[in-house]
Amino acid sequence: MTIDAPPPAARAATSRPAKALGAPIVLIENVQKAFGDNHVLRDVSMTIRQGEVVVICGRSGSGKSTLLRCIDQLETIDGGTIRAAGHLMGFREKNGKRVALRDAEIARQQRDLGMVFQNFNLFPHVSVIENIMMAPVRILKRPRAEVKAEARELLARVGLPEKENAYPRQLSGGQQQRVAIARALAMKPQVMLFDEPTSALDPEMISEVLDVMVDLSHQGMTMIVVTHEMGFARAAADRVVLMHGGEIVEEAPPEQFFTNPRSEHTKLFLSKILSH
Amino acid sequence: MNWSWTFFFEYLTNGFMFRGAWTTVWLSVISMTIGLGLGVVAAMMKMYGNAAVRYIAEFYIWLFRGTPVLIQLIIIYTGLPQLGIRLNVIESAILGLALNEGAYLAEIIRAGIMSVDKGQNDAARSVGMTWRERMYLVILPQATRTIIPPLGNQFNGMLKTTSLASVISMEELMRNAQMLAQINFRVLEVYSVAALWYLLLVSIWGLIQQRIEAHYEKPFGPAAAISPEAAKELKKAMQKAGATKV
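Protein chains in written order, with this note's numbering: chain A, 1 to 276; chain B, 1 to 246.
Everything labelled a hint here was simulated from the structure, so no lab data went into it.
Quick caveat: nothing in here was measured; it's all calculated off a predicted structure.
Keep in mind that the hints are not guaranteed to be accurate.
[Stated by the list, open to error] According to the in silico footprint, chain B covers these stretches of chain A (three or more CB under 8 Å from chain B):
#	segment
1	120-126
2	204-214
[Said to hold, decoys possible] Derived CB-CB ranges, DEER-like:
#	chain 1	residue 1	chain 2	residue 2	range
3	A	Thr76	B	Gly49	40 to 46 Å
4	B	Pro149	A	Ser60	49 to 55 Å
5	B	Pro149	A	Glu264	53 to 59 Å
[Said to hold, decoys possible] Some chain A residues flagged as far from chain B (calculated, every beta-carbon gap over 12 Å):
#	residue
6	Gly22
7	Gln109
8	Glu162
9	Ala184
10	Pro253
Virtual Cβ for every residue (Gly too), placed ideally from N, Cα, C.
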């Protein structure tokens, strides 16, 4: 959690060359979301470009996880617009009006976004390789042999080639999270969303997951990462966003975010997160 | 003392009793299978349906858990003909037992589905699964593991509940024992043999159940992960199912 001791991968990449970003791939406009009287997202707008890595941080309850879940349609928004990977998420336009999509249509949109959860949420009843293969084989109906070869490549990429036949419960938290990343990547998503991917991990396992994520960012994956790992933000983020009370209060490149924040909220947040 | 070993052994090896026991087995299996189907549908309706659908499911569960299966059987076989619905003995027995069982299983299945971690649904959605795919590939396979033990319990109960079908003259083990009793009035001997048959059937089922449970235990690896609340919920449903059972 401290900026003084970033994970190895982060340390290696403190001065990295500027990255060429592509066209906007996630467009969030005036998004609102409330759970009853609790307005979790007040009016959030943000644009993420292809290949960009955005780190979102903020106190718990600031709306950062909800924003991520709204982008992936795990929550339905109450107002505003989310466009991601070419989809108007959750809706379709008909004669200038918006019509809410049905479950199966939302599922089709979700295939283009990958999500990694705080609690991994691997499917415990199937093996590691089946976790990765399930969606491509059963949903996209792609040939098993081809998917299996890809799944093995993915496992090698996240450093777990020997765990193919293990069951999730036999793996450590860090290993499970790496499998979860592979499972999401197997659908070849255009955007990867990470919801506090290291918060449930023992400290010694955090870096193995962050290393995989840093790797992924080097390969040009568009990533939105909700995390408090400021080492990762320094190493891989193109932009760091601070949310407070359901709004974005600071949005800056990491250098500026850490050294010269404008918002009082950011200063307070940084002083808290960097002091221990 | 008036206990005849001769009659006892005669009944024990009696083909008529054996046929009755066989009827008990297939009647149980068929009723349970149909009941399971009804239970899954009712559970789904109750959990995922709109208000109207939910009320239909709740009404069904309430009605069939709230009335004795004996009355249900009699109404189906001897009552419905008054409304012009005529079912034969076998149809009536299967229908009555299955409807009754489905109402109990619905609650067990619901508890099983609820025991699956909510994150599983999120994960299944995040890779783009539709509701049916989520149910079929992710939720139900995991719910099965929690459902299997109480389900085995229910089948154990079913083997014995079928004896109630004797009142509508279904020729299963109990009915056949009654008929033999009326011939020789060797009541103690014949019902002792009937009781032994039930014990045997239930014991065999116990062995089968063990194997099934072991099978479903395997793929998850060590240690079941079910939240304490879910375990409580499941226990409640099992008690409900067991407590009012004959």
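Go through the numbered hints given earlier and state which of them the structure violates, listing their numbers in rising order.
Hints 2, 3, 4, 7, 9 contradicted; others consistent.
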